[in-house]
Amino acid sequence: MSLPMRYRVKHLYKTLLHLGKDYPRGYEYFRSRLHASFIRHKDVESTEEVEALIAKGEYVVKELEALYMLRKYRTLKKRYYDA
Amino acid sequence: MSGLRVLVGCKRVIDYAVKIRVKPDNTGVITEGVKHSMNPFDEIAVEEAVRMKEKKLASEIIAVSCGPTQCQETLRTAMAMGADKSIHVEVDAASYENLQPLHVAKILAKVAQDVKADIVFTGKQAIDDDCNQTGQMVAALLDWPQATFASKIEKANGDLTVTREIDGGLETIKVQLPAVLTADLRLNEPRYATLPNIMKAKKKKMEKKKPEDYGVDIGPRQSILKVEDPPVRQAGSKLDSVETLVSKLKDAGLVPS
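Which chain is which? The protein sequence lines are A and B, in order. The UniProt record's numbering puts the first residue of the first sequence at 1, with every later residue one more than the last. The UniProt record's numbering puts the first residue of the second sequence at 1, with every later residue one more than the last.
Derived by calculation from the structure, the hints in this document are not laboratory data. Glycine is no exception: its CB is placed at the ideal position from the N, C-alpha and C atoms. All clues stand as given, with none of them false.
Lysine-lysine pairs mimicking DSS-like chemistry, simulated, CA-CA at most 25 angstroms apart: (1) B:Lys35 x B:Lys202; (2) A:Lys72 x B:Lys19; (3) A:Lys10 x B:Lys203; (4) B:Lys202 x A:Lys21; (5) A:Lys62 x A:Lys72; (6) B:Lys19 x A:Lys21; (7) B:Lys202 x A:Lys10; (8) B:Lys209 x B:Lys110; (9) B:Lys202 x A:Lys14; (10) B:Lys204 x A:Lys14; (11) B:Lys203 x A:Lys14; (12) B:Lys19 x A:Lys78; (13) B:Lys116 x B:Lys174; (14) A:Lys72 x B:Lys35; (15) A:Lys14 x A:Lys72; (16) B:Lys152 x A:Lys72; (17) B:Lys200 x A:Lys21; (18) B:Lys250 x B:Lys238; (19) B:Lys204 x B:Lys53; (20) B:Lys35 x A:Lys14; (21) B:Lys35 x A:Lys62; (22) A:Lys10 x A:Lys42; (23) B:Lys35 x A:Lys21; (24) B:Lys200 x A:Lys10; (25) B:Lys174 x B:Lys55.
One side of the interface only, derived from the structure: several residues of chain B facing chain A at Cβ under 7 angstroms: (26) Tyr16; (27) Pro40; (28) Leu185; (29) Glu189; (30) Tyr192; (31) Leu195.
Have a look at the derived ranges for each label pair, beta carbon to beta carbon: (32) A:Val61 x B:Ser241: 52 to 58 angstroms; (33) B:Val232 x A:Arg74: 21 to 27 angstroms; (34) B:Val22 x A:Arg74: 22 to 28 angstroms.
With the rest of the complex left out, here is chain B:
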């Protein structure tokens, strides 16, 4: 089964190191002038795809991203890491605010059929909305098996043996191809996109598409009512004696009185 085609979804998110600030009118978070980068879990997915290619399991890696023009930078990073080509599904900034996993899943499913992908690979979730839905929905839409939260992927005859991270342990499953995979944190350690590779990536092909090209309606299904900061942690206090500590603990009902 040499020559698998891998489609990797890459989301552009606010960089993991940036302190997120909520807009004063509580409609969302501030994205202007904030550093963005590829979703770390998607980076892991790209890395795994590249390793599959290095092991000659995969023949072609196609990176795809939905969003405004700046997503092209994310795709360039994916290509610098080793993706062969990319597809940018352009969604203007206004519609992008209402773009939800379902829309992205519909687009990814269409793209997967379009490019005849054998594997759709994404990160398990994005670090901005933490939805953890896209991969699962793509699998449902395509009616393909899914292996989510993958922490190890091996080829076994015509199938893939995938170790999944689940609550309290690991689960090993076998999936038939074509399949949808989502990457967990411990799958691998993504390589750094080096400068020469970024330069080389500029020569790689990037297709520009629109959601309409895939016949996907990106009208919002949900509306955001309010975005708020998490509650601030109450400051602690220093006590001067053990007695006060014990009485405080008793007041709080944490020790039997």
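Excised from the complex, chain A in its bound form:
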């Protein structure tokens, strides 16, 4: 893997870890699974494959952000707007 790509993978991992702090089932639950899924692909060498995996990871980042946003919105809506 080229150096800039290695950096991007690392950056993705850090971003996901940061998001994991708010995960409903706890940080440790999230971290262990995140770690396992990165380790599972540790031997992937080809640029295209790594590129695809990064894209998948970035998709997960967007999904998590949406999940948290929705969860917060729903909690507040239930608490203040549903009579």
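Chain A is fixed; fit chain B onto it per the hints.
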């Protein structure tokens, strides 16, 4: 009117997802070791200010928070979302327990004059004390128009057209600047403070002030007598026949007997 300066109030509250526990001596709720975050309604206010800046309506966003040292984290989040700088008005933990919307409103009003803000923007209420007073009081103290419970904000010439959420519908009003705005839930969907932005926010300027710097007396005006858990909902019961259900309903006077 390009170049509006927006002052956004950000309160640090117990995170919305945390189960609140009352202290055994009924003097308040347990805050030690509990996750805190920015009041969700204030997050919406920050987001709206940032969008105003992206649309070139606003030139500068200043986040302000009153409270103990940990409030700086809240301000960092606001800056990570896009606020340009922040002011931390430090109130020690003991006085903070008695800090009420009136005190915060007085401080915010002074800060607004100090930084020459055109808009004071806050959440409509905080999710911890649910007071829903600060924005209104700031407007009164500054003698500025107010647009509370905003669910849509548009610029119209030199004024703002604000759609407000009211009971049973929406109200559209026009306010002249400077004005006080408070954000309702449906105004926008706040962005997530990403890691790189949090890092960048560390370089942004944070001023540290004291209530005395603004000449505000934070002596308590009210005292908390008691804080209690809401009553626990009574458990239901399963009935074995329609007859018992009907007789129970009759006993409760819910159907005519």
